[in-house]
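Each chain, written out:
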Amino acid sequence: MTIRPQSGHRVDGLVKVTGRARYAGDVAAEGVVFGCFATSDIPAGKVTSVDTTDAEAEPGVVRIWTHENVPRLPKLTHAAAGESLLPLQTDRVTFEGQGIALVLAETLEAAEEAARRVRATYEVEPAQTDFRMALDQRVVIDDWAPLSTSVGDFAAGLGRAQVKVDQSYRTADRHHHAIEPAAVLAIWDGREMLVHDSTQWGYGVRAALAQVLGLPPTQIRVVSEYVGGGFGAKGSVWPYEVYAAVAARELGRPVKIVLSRSQSFTAHGYQPATDQRVILGATEDGCLTAVRHESINPTAILDDHIEHGTLGTRSMYQCPAIETQEHVVRVHRGSPTFMRTPHEGPGMVGLEIAMDELAYALHLDPLELRRRNYAEHDPTNGKPFSSNALRECYDIGAERFGWARRTHPPKSMRDGNDWVGWGMGNALMGTFRFGASARTTLTRDGRVRIETGSQEIGTGTRTTLPLVAAEILGIPADRITVSLGDTNLPEAGGTFGSSTTIGVGSAVREAATQLRHRLNQLAAEPGLQPHEYGEVLALRGLDQLAAEGGWAPSKESGNFAMFAFGAVFAEVRVDALLRVPRVTRLVGAYSVGRVIDPIGARAQITGGMIWGIGQALMESSTMDHALGRYVSKNLTGGLVPVSADVPDLEVHFADEFDPHASPLGARGVGEIGPVGVAPAIANAVFHATGIRIREVPIRVEHLMGEG
Amino acid sequence: MRPFHYERVSEPVKAIAIRAVAPNGRYLAGGTDLLTLMKDGVECPDHLIDINDLPFRHIELDSDELRIGALARLSDVADAELVRREYPLLTQSIEAAASAQVRNAASIGGNLLQRTRCPYFRSETVVPCNKRTPGSGCSAIRGDQRTLAVVGTSAVCSAAHPSDLAVALVALDAHVRLEGAGSTRTVALRQFYQTPDTAPDQDTILRPGELIVEIVVPRLDPRTVGHYAKVRDRASFSFALVSAAVVLRRDGDQMRNVRIALGGVAPMPWRLPAVERALEGTGLDLRGVAGALETILADARPLPGNQFKVSLARAVVHRALQLAAGAA
Ligand SMILES: Cc1cc2nc3c(=O)[nH]c(=O)nc-3n(C[C@H](O)[C@H](O)[C@H](O)COP(=O)(O)OP(=O)(O)OC[C@H]3O[C@@H](n4cnc5c(N)ncnc54)[C@H](O)[C@@H]3O)c2cc1C
Ligand code: SF4
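Chains as they are written, first to last, in my numbering: chain C, 1 to 707; chain D, 1001 to 1328.
In short, the hints are calculated from the structure, not lab data. Errors might be hidden in some of the hints.
Quick look at which bits of chain D chain C covers, simulated, 3 or more residues with Cβ under 8 angstroms [to be verified]:
#1 1137-1148
#2 1236-1246
#3 1311-1323
Small disclaimer: the values here were computed from a predicted structure and weren't measured. Glycine included, every Cβ here is placed at the ideal spot set by N, Cα and C.
Please model the complete structure; the sequences and the hints are all you need to start from.
What follows is the structure, given as structure tokens:
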């Protein structure tokens, strides 16, 4: 399929809206068997027996695996694993929703019905699913980033403070809710494993499967043409993917597993709630003297996920004394995982509401307070920022929003029935950079094909990469096509951490540069023009010419602190009688380095800001701790914003080129959007009503009664 | 999947006859509620009788009443010119329900018969729920109580009826016409729903196999005004936390014949007769209504998790009155 970009359009927009884009669940295979897990009803204990008699009686059942007859597998130790424990490999149950049997059947319907008919008995053990009830059992574990940091003398800084804030904040458990449920189809031909998967990281799936199946990676091919949203849930490798491959090899038939919406609640992680405590000390004129931020989140009994709620605090504001500390509490729930936006998404809720509280304690404009504490370099590790246009963001955002017209006292901006509130919050997100490789191939018709093992998860990869190559090659982007989502293509990292344009984009840039270089060498005379590329091939009797390029972060660039920054301004209206908070305006201004695809970047941030409205006012995956399970495993109980909730929304970018983050001048765009939105909204709610809410989501009941 | 028979019928008597010999059968209208519950395993009919070809799609107004066929789609009713003109309250309540897509598919009869529920009702079948499996217990009452009802509840079940339209219809004193094997009857919608005490799995008094044929709404005095106000967690496409339908007749600068029904607070649309009486004759400027509004749901027995619904109900009624009386 050839897709030609038109300027300003998603190149794959048409195939997506017309249903022609092929997702993993759409792929058909001769003789396919469908898999469905029967899952544990209890959160903790031992499976004493699994009765499959009734399930086997369902017509079409091919095989049922339980812990007693399943092929033994090694632990999933690869770093790509979302959960190390593979279900059925033990009789131990550590969360509700853990697989206790895998049904394989001729149809999806038969597999689901048989799974429903599996009866298990358990030796029930006491369960704790509520981390807030077990805070005394907090533990510190190791992770990719330090769990605690300390610079300066916090006690002395706080002692010196003339104004203090010391408050606790909460964020809620949330799920990714991608519209396309996770789907995998594994096909084993006796030698090679072909896996069609809805994944954000094809090479990660390949490596993890290689480890569990004991196959060389070269005998595994993972294809992921389109992904209907992942948001982190499809960024790791989860048991259903492993078992599809295992079953395909055992049965010698293709095996497909498509998760139902309710299974999606326990099959591939969630964003854990956080409990945070923020202590701020400042001088009378609003200069921070001490900052302390603690964050606790639940993790699984057997797996570690630290939400790193304090990461942003380590780098956001200039302050001589900053301490941060992360903890986790083990609970009987599946493993949490990354979810847009991990770490700073929940973490900045605490810091940025606390900053608003400090502004009010100081009688200072909240934006002015932030300006006064602007960090010239990273306050924790002392490194210079690779580039930082946050001051410009403040200027653009405030100007576009009309911040100067804000009156400071709460409840001072009433309009008819509504209290109107204006609030702001800072956004910050660490820059993740992964090595990548790509190939560019010129054909005689003057067209170029980009090939890379990255994936398109809705972020616009197929639109952005041609823009990068076009700039180097000097040909229009619509003469450049992209093939991706296949581990037979040059290796690229996962599509997460807002890393794709940086890593894959830089690799494409390098490959295009190499291609141009080779063309110059092959040209008859110097001064080769882009419209002559095809002629060069003809001249040399070549049908096509390929060049590969790779990129990895340089060692020197590690001397810089790298972040995407932003400033978010929110207007909220709260009907004084009904007390329902609604966002009526959002303006975000961002510092993300150079913007490669302005329309795509704007779309990314727009979606992200709407995501932030969900975090602020709606999203909470409620758990019933007596039952140890989610109350509503559907989208009626777990609300996300609909179009009517989307306000007048503006996205602006500072004009910037980051010389250190990547050769493109770009940093990440995908995940900064949701950060800072929820605290901006919470602060606007305070400004509107005078009621300070220190948790999200903020709902009508929080605002009833007072005021 | 659990197999079931499917049949499409075009005559009411045929539908009723099939249903009579299929005790575990269900009528299928738009399917927007039934099919969801079947996928969840909450409803497991062995026979689906598709009634979409029955001649119940009319929307007719005569000198006495408005008659709406049970199979008219929500969007058809909301958009009907005579409904917009004569009963804007109905249009408001329908447009506040679900989404445009659901309203295009959903029927009026199905809307009144959508299952009363709380979030646990759709959980996996191992989760106790008296409404789904009588005698299994109620998970919500000691669990997530936020959406539960605050009046007319029992220890057996505290779920709130979710329909918006029913709230408006109860405020309008509407009736439903029912047809069963060899009998027809007309029941006030106010008497149609039942409390959960004895048979929590039966939301209404509809007998097995009975069809809703049409809804009958009395004509309104030309000076009658009404308003539907709904509070929900997002701006569209979610069930009411609390809603209120208010109907009143403007008499000079006073309100008469005040009728108020609440949604989201009870297992059925909940009329407020004492408040209606107290408001009789009060000024359309709403001065002096505060006392009457204070008594709204004074007899409620909220749980810690849904306490807010009581004060919210007062606020919603107040707003609906303001908008109906033109005082907002
Ligand atoms: C996502 C979503 C959001 C929603 N939000 C709202 C909301 O905000 N407010 C609201 O009011 N509703 C809401 N609804 C409910 C929706 O309005 C109902 O599902 C719909 O009205 C049901 O009508 P139907 O024709 O699809 O009924 P069906 O699903 O076909 O039937 C429902 C039940 O009624 C029975 N039945 C149907 N017609 C008859 C008849 N004529 N005689 C006898 N029995 C009959 C069926 O046997 C079945 O038991 C929502 C639904 C969804 C899916
Ligand atoms: S309130 Fe009713 S519907 Fe909800 S769990 Fe209890 S019995 Fe079931």
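For each hint, the structure was consulted:
Counting residues of the stretch 1137-1148 of chain D whose C-beta lies closer than 8 angstroms to any C-beta of chain C gives 5; at least three are required, and the coverage claim holds. Judged by the Cβ-Cβ criterion of 8 angstroms, the stretch 1236-1246 of chain D is covered by chain C as claimed, because 5 of its residues qualify and three suffice. For the stretch 1311-1323 of chain D, the proposed coverage by chain C is satisfied: 6 residues have a C-beta within less than 8 angstroms of a C-beta in that chain, meeting the threshold of three.
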